[in-house]
Amino acid sequence: MTKPRCVITAEVAEPYLSRIKEMCDVTVCGWATDKRLMPEEELIEKLQGAEIFIVEFEQVTERVIGSCPDLRLIMCVRGNPVNVDAAACTARGIPLLYAPGRNANSVAEYIVGAMVSLIRSIARSYHEIKSGRFLGSPKEDIYDVDYRDDTVWSMNTPGANPYLELKGFEVFGKTFGMVGYGAVGRKLAGILLAMGMKILAFDPYVRPEELLAGGIEPASLDDVFSRSDFVSIQCKVTDETKGMIGEREFSLMKPTAIFINTARGIIVDQKALVEALTEKRIAGAVLDVFWEEPLPSNHPLLGMDNVLITPHIAGASRDVPVQHSLMVADEISRYVNGERPKRLFNREVMKNG
Amino acid sequence: MAERLRMAAGRTMEHEETGGEKDMKTLVTARFDKRYLDELKTIATDLRFDGYGVHGVKMETGALIRALEGVELLITEFEDITREVLDQADSLKIIVCCRNEAFASVDIDAATQKGIPVICAGGRNAVAVAEHAIALLMCVSKNIALTDHLLKYTDELTNCTYSDKQGERRNIISEWSLDPRAPFALYGGGPEMYGKIFGQIGFGSIGREVAKRAYALGMKLLIYDPYVKQEEVEHLEAKMVDLETLMRESDFISVNCNVTPETRGMISREMINLMKPTAYLVNTARAPIMDYDALYDALKEKRIAGAGLDVFPVEPIPAGDKLLGLKNTVLTPHLAGSSRDIIGHQTEIILGQLKILLSGGKPRLICNPQVIKA
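Just so you know, the protein sequences line up as chains R and D, in that order. Number 151 in our numbering belongs to position 151 of the first sequence; there are no gaps in the numbering. Position in the second sequence (first residue = 1) + 1000 = our numbering.
Please keep in mind that the hints were generated in silico from the structure rather than gathered at the bench. Just so it is clear, CB atoms sit at the ideal spot from N, CA and C, and this is done for glycine as well. Be careful, since some hints might not be right.
Some chain R residues well away from chain D (every beta-carbon gap over 10 Å; in silico) [unchecked claim]:
| no. | residue |
| --- | --- |
| 1 | Y16 |
| 2 | M23 |
| 3 | K35 |
| 4 | N105 |
| 5 | A123 |
| 6 | P162 |
| 7 | G190 |
| 8 | G215 |
| 9 | D222 |
| 10 | R227 |
| 11 | G246 |
| 12 | K271 |
| 13 | E275 |
| 14 | D319 |
| 15 | M327 |
| 16 | L344 |
With a Cα cut of at most 30 Å, we get these calculated DSSO-like pairs of lysine-lysine [to be verified]:
| no. | chain 1 | residue 1 | chain 2 | residue 2 |
| --- | --- | --- | --- | --- |
| 17 | D | K1300 | R | K35 |
| 18 | R | K271 | D | K1152 |
| 19 | R | K242 | D | K1152 |
| 20 | D | K1322 | D | K1276 |
| 21 | R | K167 | R | K139 |
| 22 | R | K130 | D | K1302 |
| 23 | D | K1058 | R | K139 |
| 24 | R | K167 | R | K236 |
| 25 | D | K1212 | R | K167 |
| 26 | D | K1300 | D | K1276 |
| 27 | D | K1034 | R | K280 |
| 28 | D | K1041 | D | K1239 |
| 29 | D | K1212 | D | K1355 |
| 30 | D | K1196 | R | K35 |
| 31 | D | K1300 | R | K130 |
| 32 | D | K1196 | R | K21 |
| 33 | D | K1152 | R | K167 |
| 34 | D | K1327 | R | K130 |
| 35 | D | K1114 | D | K1058 |
| 36 | D | K1239 | D | K1302 |
| 37 | R | K254 | R | K271 |
| 38 | D | K1355 | D | K1041 |
Chain R with its partners taken away, still in its complex shape (with noise of 0.2 Å):
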């Protein structure tokens, strides 16, 4: 028996990669190998005789489906497969397979962290200390030093006291409020309710027993936004999501509270975010998504010292790739022996097939 052609431009890492091989017959370019996106011409090439096609941010247009049609399953490594068209697959009859929770603990972990880099001031301080504030005179042998058990940045420094100045408080005993309870706020729960926070969450999709099962209390939007301390993005895109987020909801937050962003800017109004921070409505936010990336460099949030800002890589660690591997051999295994795929993102396609 002959093993199906399958073309990888994802990166797929081992052993996931291997145990493909041996199912499959394959070609790994594009992304995976040049990190260059692969143009539509080259892609359609590369896609004549393959039946299976793994892919990560190429764009898999109509046309590109149109033009190799011994294609029978696509599989984007990705949370949402937004570069792929899916109207085109489920046309063609291809079930299209996507990699939900990817990178949910990147994700989760980068919110630990800049929630409370923002309210801590690490990053601030960590700039301040860089552009030379709160130093001392220079000294000739930093190690030249009477070590004293006890060592304290500012008493003796007039004007120049971080430890008032920049004293913030803790996540403990606060309260997080999710908008949407996926993959990322399944994560994010334990991690934060081991830090004594309580949590609130709004998700018209999941079932109230389950979030109580989980620690967390079932919200309104309403109540989220009025009621935490921390209010956290974590939808995707929809037509239900984009715009979801607007001037009445920042209107209803607390003015210590903070405002999380690491889903995507669309879902937000950039006009009633920017004012919020500007009137000081809202004590601050963390942002790493925008409407346009890059963010144009004179737009005023960089400017803000009450925001955290960086640029899309909440969910760029190293061991993502790791996890969408591991579900691709899995769903390549599914395909190889007939049995239907997990995790499939055209549900529509099999009602046809």
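Position chain D against the provided structure of chain R, taking the given hints into account.
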């Protein structure tokens, strides 16, 4: 003494059950979190608040002596409880000092001679330091502080064009860019904590809080603390190891111990050289515990992945110090314990300790345990 305290506790409980009057005449000069007032009232009667906790100014000796007349329980923080004060406080049975180190305010010897137990609020900043330590590790391993700095104060990540940003790749897709010069490639790719090995050096009140969080993050724990037994760490599925093993095997290391003759210089050049090239270290304890020169060399030569440092050999850091030039290091100016929530913690801690003492037990945070051995 223990007998007396047990009786007092017995009476308190009786009163609690019947809802009758409470027991000890009490003076509170510490900052006290009012959310715990009802709990205090189960122990204290004739409750009076004064001194630093009310006015932000320490009470003078004379005023303190007068205020202590008839007082059995004193809950203090910064007032100087000298021998002179204690000599005249005839009714005093228990002193609670809401500081990590009670000896800084209370004459412990004098209290011991009078048979008065002194309780402190050790670990009142444990949560603050633990949160800071974990976040500092994340800030360095995930490039959070670095990219925040680059975005806000340089044009490196904003005023630029990337090869893959033409056309309609907006809105939903909205990656910053997959260009090899873009942040995803340059500053992503750090490790997750989940599934990694966490080395905890020191398992006191702060180390315990750090370890608890590392465990919740899904890490496997190695702990070095010669004063802790394996059974004390079972609930974290942790393994007690020697320092060499911890340095050699850990992916993330947190230092949380006091400076003592034993710990001074403990994390030597030799120890630092055992670390994995992929490992990160955070120090929120004190600089003399580590060889900072050796740490600098390891970071500079990329023999370890990164460090988060809140404490330094000289504070403030002298301008031009070589530590300031390290790319793989996040520095904060001795902030780990700087939290407004400490008052809540000290109140909770001392009430817990007080209850143990009143029920005839030996509180962990007693400064003069010899007074209750009798």
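If any of the earlier hints don't hold here, list their numbers in rising order. Violated: hints 3, 4, 5, 6, 7, 14, 23, 24 and 28.
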